[in-house]
Amino acid sequence: MLRRMLAAFVAAVAGTALTVTAAQAADPIKIGVVGPMAFVQGENHWRGAELAADEINKAGGVKVGKEQRQIELVKVDTNEILNVPDAANAMERALTQDEVDFVIGGFRTEAVLAMQDVAMDYKKIFLGVGAAHDKLTQRVGEDYGRYKYFFHVAPTKASDLGRTLFAVLGQIAGQIRQDLGKAKPKVAIVAEKAAWVDGIVKAAQANLPKMQMEVVGLWQPSPTATDVTAELSAIRRAGADMIFTVISGPVGIVLGRQMGELQIPAIPFGINVEAQKEGFWQASGGKANYVATLDTYGAGDVHITDQTVDFVAKFKKRYGTIPAYTAATYDAVYLLKETVEKAGTLDADKLVPVLEKTDRVGTGGRLVFDKNHAPTFGPGYLTGLAVQWQDGEKVAFWPNNWNGVTYKGVKAFKIPPHMMAQKKK
Amino acid sequence: MFQDILITGLVNGGVYALLAIGFSLIFGVARIVNIAHTAFYMLAAYLVYTFLNIAGLPLLLSVVLAVGLVTLLSMVCYKLVIEPVREYESAVLIATIALALIFQETLLLIFGGTFLSSPTLIPGARDIAGVRVSYQQLLTIGVVALVLLGTWYLLARTRLGLAIRATANDLEVANLMGMNVSRVAMYTVAISVALAAIAGVVVAPLFVVDPLMWLAPLVTILAIVVLGGLGSLKGSLIGAFIIAYVEAITVFTVPAGSFLKGAVALSIMIVVLLIRPEGLFGVAFEEER
Chain E
1 MLRRMLAAFV
11 AAVAGTALTV
21 TAAQAADPIK
31 IGVVGPMAFV
41 QGENHWRGAE
51 LAADEINKAG
61 GVKVGKEQRQ
71 IELVKVDTNE
81 ILNVPDAANA
91 MERALTQDEV
101 DFVIGGFRTE
111 AVLAMQDVAM
121 DYKKIFLGVG
131 AAHDKLTQRV
141 GEDYGRYKYF
151 FHVAPTKASD
161 LGRTLFAVLG
171 QIAGQIRQDL
181 GKAKPKVAIV
191 AEKAAWVDGI
201 VKAAQANLPK
211 MQMEVVGLWQ
221 PSPTATDVTA
231 ELSAIRRAGA
241 DMIFTVISGP
251 VGIVLGRQMG
261 ELQIPAIPFG
271 INVEAQKEGF
281 WQASGGKANY
291 VATLDTYGAG
301 DVHITDQTVD
311 FVAKFKKRYG
321 TIPAYTAATY
331 DAVYLLKETV
341 EKAGTLDADK
351 LVPVLEKTDR
361 VGTGGRLVFD
371 KNHAPTFGPG
381 YLTGLAVQWQ
391 DGEKVAFWPN
401 NWNGVTYKGV
411 KAFKIPPHMM
421 AQKKK
Chain S
1 MFQDILITGL
11 VNGGVYALLA
21 IGFSLIFGVA
31 RIVNIAHTAF
41 YMLAAYLVYT
51 FLNIAGLPLL
61 LSVVLAVGLV
71 TLLSMVCYKL
81 VIEPVREYES
91 AVLIATIALA
101 LIFQETLLLI
111 FGGTFLSSPT
121 LIPGARDIAG
131 VRVSYQQLLT
141 IGVVALVLLG
151 TWYLLARTRL
161 GLAIRATAND
171 LEVANLMGMN
181 VSRVAMYTVA
191 ISVALAAIAG
201 VVVAPLFVVD
211 PLMWLAPLVT
221 ILAIVVLGGL
231 GSLKGSLIGA
241 FIIAYVEAIT
251 VFTVPAGSFL
261 KGAVALSIMI
271 VVLLIRPEGL
281 FGVAFEEER
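Protein chains in written order, with the working numbering: chain E, 1 to 425; chain S, 1 to 289.
Please keep in mind that the hints were generated in silico from the structure rather than gathered at the bench.
Keep in mind that this is a model prediction, so the values were computed, not measured.
Take the hints with a grain of salt, since some may be wrong.
[Unchecked claim] Listed next, with one range per pair, are the computed distances between beta-carbon atoms: (1) S/Thr-253 with E/Met-420: 53 to 59 Å; (2) E/Tyr-381 with S/Leu-273: 36 to 42 Å; (3) E/His-303 with S/Pro-58: 55 to 61 Å; (4) E/Gln-212 with S/Pro-123: 49 to 55 Å; (5) S/Thr-253 with E/Lys-202: 20 to 26 Å; (6) E/Arg-318 with S/Tyr-88: 29 to 35 Å; (7) S/Ile-110 with E/Asp-310: 53 to 59 Å.
[As the list claims (entries may be wrong)] Looking from chain E toward chain S, a few residues come up when the C-beta cut is under 8 Å (computed): (8) Gly-174; (9) Pro-209; (10) Met-211; (11) Val-215; (12) Trp-219; (13) Ser-222; (14) Ala-230.
[To be verified] From chain S, some residues computed to sit far from chain E (all C-beta separations above 12 Å): (15) Leu-80; (16) Ser-90; (17) Val-254.
We put the CB at the ideal spot given by N, CA and C, even for glycine.
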C-alpha cells in the first residue's frame with residue numbers, strides 16, 4: 001500500500017514537473033509596454049501591466065490553443081513628453097528588435113498617432129491606454145483595413161470626456177446657483193495650447209451659454225508655463241465663478257498653487273492631469289485646496305466596479321502610491337489574455353474580430369468597443385469619475401445621481417469658504 | 001487692467017533681470033555664452049528642495065548651502081570644461097550646452113520627471129492697487145532689488161569689480177597690464193552663476209521644479225540680452241523689464257494667445273537684431289573687435 005502511494009506520489013510529481021517544463025519551454029508572449037518611462041505616466045503604464053502580468057504568470061500563464069504560455073513584458077521608453085519623434089523610433093525598435101507580439105500604452109496624442117502608424121505597418125495589435133484624441137479611432141473608421149489593429153481601451157475618447165465635463169460642470173453650476181444665488185454663473189476657460197484641447201474648448205464655448213452659464217473669456221497658457229499670475233489676475237477681474245481647466249501639462253500644478261496663494265474666488269474644475277496624481281498636493285506646496293478634475297480611480301475608496309477597490313489596494317501595496325489613469329494597462333493585459341485564450345492564437349487578423357466583440361468589466365468600468373474601436377461611454381459603460389482635493393485628500397464627488405448612476409464612496413463637492421466670503425461681500 | 005500689467009511686469013521683470021544680468025556679465029567679461037546659465041538656476045532650485053524637503057534643514061541654511069554649492073560647482077565646471085576651450089567661442093558654446101544637458105539628465109535620473117515644489121517662505125497675499133499679489137512675490141521683488149544693488153556695488157566700488165570692468169572693457173589690454181584674466185573670468189563665472197542660483201532659490205517656491213525648467217527662461221534671457229545688448233548690464237536690466245511688460249501686455253490684451261508671450265519676446269529679439277544688431281545698449285560688433 002505504502003509502495004503504491006509512493007509510486008502515485010512520484011508519478012504526480014513527475015507529471016507536474018513535466019507540465020511545468022512544457023509551460024516554461026513554450027516561448028513567452030511578448031507585450032511591449034510603450035510610454036514615457038522617466039515620467040509618472042510611463043511609470044504607471046509599466047506598473048499596471050506588471051501587476052497584471054505577474055498575476056497571470058503566477059496563475060499559470062495564458063492558454064494559447066493547447067499550450068500554456070507565460071507573459072514577458074518589454075519596457076519601451078518612448079520619451080514622448082520630451083521628444084515626439086523618439087516615440088516612433090521606440091515603437092519600431094520594439095517591433096523589429098524586441099519582436100513583441102502586442103503593444104499597449106501611449107500617452108501624448110501626437111506621439112501615439114505616429115506610433116499607431118508604425119504598429120499598423122507591422123500589423124500588430126496596439127491597445128491604446130493614455131491618449132484620448134478622437135482622431136486615433138476615427139482613423140479606424142476611415143481606413144479599416146489598415147487601422148483595424150488599433151483599439152482604444154482607456155480613458156474615454158476626448159469628445160466623451162467633453163460630455164462628462166459638461167455633466168459635472170452642470171452640477172457645480174447648480175451648487176453655485178443655490179449657495180450664491182447667482183442665476184448665471186460666470187466661467188473662465190483655461191486651456192493649454194495643444195491639439196487635444198481644441199474640440200473641448202469649442203464645445204464649451206458653444207454649450208455653456210445653453211446651460212445658463214456665461215463664458216467670460218478663454219486663456220491659453222503654454223502647457224509648461226511656470227507662472228499664471230497674470231492670467232489669474234485677469235480672470236479675477238472678469239468676475240469668474242468657475243475656471244474650466246483643460247490641461248495636461250505642469251501648468252496645472254502652477255494654476256492650482258497660485259490660485260490658492262492668491263485666494264482667487266473661483267472653483268477650478270475640468271481636466272487637470274497633474275491634479276489626478278497623488279503627488280499633486282505636495283507639488284502644489286499644499287496650496288491647491290478645492291482643485292477638481294476628472295479622474296479614473298480616485299483615492300481607491302470608490303466602487304466603480306467590483307474590481308476597482310481591490311485593484312487600487314493591490315497597486316498601493318506594491319508600489320506605495322495610488323494608480324494614475326495610465327495604469328489601465330492592467331485591464332489591457334487581461335483583455336489580451338482573455339482574447340488570445342478565446343481565439344487560441346496570436347494571429348492579429350484572427351484576434352481583431354474577437355476583440356471587437358469585447359464585453360468585459362474591468363477596473364474602470366465596462367468595456368465595449370464601438371465600430372471605430374473606441375470605448376463606449378455612458379451609464380453602464382465607462383463614465384469616469386470627478387474628484388476634488390479637500391485638505392490633502394482626493395475626494396470623489398461625481399457621478400452622484402447622474403442618469404441613475406451613483407458610485408458607492410462618492411462624497412459632497414465643496415465650494416471654497418474664501419470664495420463664499422469674497423463673493424458674498 | 002493697467003495696474004495688473006504694472007504689477008505683473010514688475011515681478012517677472014525682477015526675476016528675468018537676475019538671470020539676464022548674470023548671463024550678460026560673463027559674456028561681457030570673458031565672451032562666454034553660457035547656455036548652462038539657467039541650468040545652474042535649476043540646480044539651485046533642486047538643491048533647495050532637497051535640503052528643505054528631504055534633509056529637513058532650516059530654510060535659511062538650505063538657501064545659503066544651495067547658492068554656495070552651485071557657485072562652487074560653476075567654478076569647477078569653468079576649470080574643467082570651459083577654460084581648456086576658452087579660445088574657441090563655438091567650442092565654449094557647445095561645451096555649455098553639453099553641461100546643461102548633463103545637469104538635466106542627471107536630475108531626471110535622480111528625481112524622475114516628477115514635478116516638485118518648495119514651501120512658500122511667507123504665505124498669504126494682499127491687494128495692491130486692486131491687484132492680488134502674494135507675499136512671496138513681494139519678497140522676490142525685495143530680494144531682486146537688494147541683489148542688484150549688491151551687484152552694482154561689487155562692480156563699481158570694489159577692486160574685484162574694477163578688475164572685472166577692466167577685463168570687460170578690453171581683455172587684451174587687461175592681460176598686458178598684468179591682470180590674471182583667467183582668474184577674473186573664473187570669479188565672474190562664479191558671480192554670474194551665484195545670481196542665477198539666487199534667482200533659482202527665490203522662485204523655487206513660486207514655480208514648479210522639474211528637469212526642464214531651465215529651457216523656458218533660457219529662451220527669454222537670450223531675447224533680453226540681445227534686446228539690451230550683449231554684455232551690457234544696463235541693457236539687460238532694461239531689456240528684462242521690457243520683455244516682462246511685453247509678456248504681461250500680451251496676456252492681458254490677447255488672453256487666448258497667452259501661450260504666445262514667449263514668441264512675442266523672440267519676435268522682438270529678431271526685430272532688434274535686424275534693425276540694431278548691437279542691441280539697445282550694446283557695443284557694435286565691429287567696434288568691439
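Going through the hints against the structure:
{"no.": "1", "hint": "S/Thr-253 with E/Met-420: 53 to 59 Å", "in the structure": "violated, 32 Å"}
{"no.": "2", "hint": "E/Tyr-381 with S/Leu-273: 36 to 42 Å", "in the structure": "violated, 56 Å"}
{"no.": "3", "hint": "E/His-303 with S/Pro-58: 55 to 61 Å", "in the structure": "violated, 45 Å"}
{"no.": "4", "hint": "E/Gln-212 with S/Pro-123: 49 to 55 Å", "in the structure": "violated, 37 Å"}
{"no.": "5", "hint": "S/Thr-253 with E/Lys-202: 20 to 26 Å", "in the structure": "holds, 22 Å"}
{"no.": "6", "hint": "E/Arg-318 with S/Tyr-88: 29 to 35 Å", "in the structure": "violated, 53 Å"}
{"no.": "7", "hint": "S/Ile-110 with E/Asp-310: 53 to 59 Å", "in the structure": "violated, 34 Å"}
{"no.": "8", "hint": "Gly-174", "in the structure": "violated, 27 Å"}
{"no.": "9", "hint": "Pro-209", "in the structure": "violated, 17 Å"}
{"no.": "10", "hint": "Met-211", "in the structure": "violated, 21 Å"}
{"no.": "11", "hint": "Val-215", "in the structure": "violated, 12 Å"}
{"no.": "12", "hint": "Trp-219", "in the structure": "holds, 5 Å"}
{"no.": "13", "hint": "Ser-222", "in the structure": "holds, 4 Å"}
{"no.": "14", "hint": "Ala-230", "in the structure": "holds, 4 Å"}
{"no.": "15", "hint": "Leu-80", "in the structure": "holds, 27 Å"}
{"no.": "16", "hint": "Ser-90", "in the structure": "holds, 24 Å"}
{"no.": "17", "hint": "Val-254", "in the structure": "violated, 9 Å"}
The structure does not agree with the numbered hints 1, 2, 3, 4, 6, 7, 8, 9, 10, 11, 17 stated previously, though it agrees with the rest.
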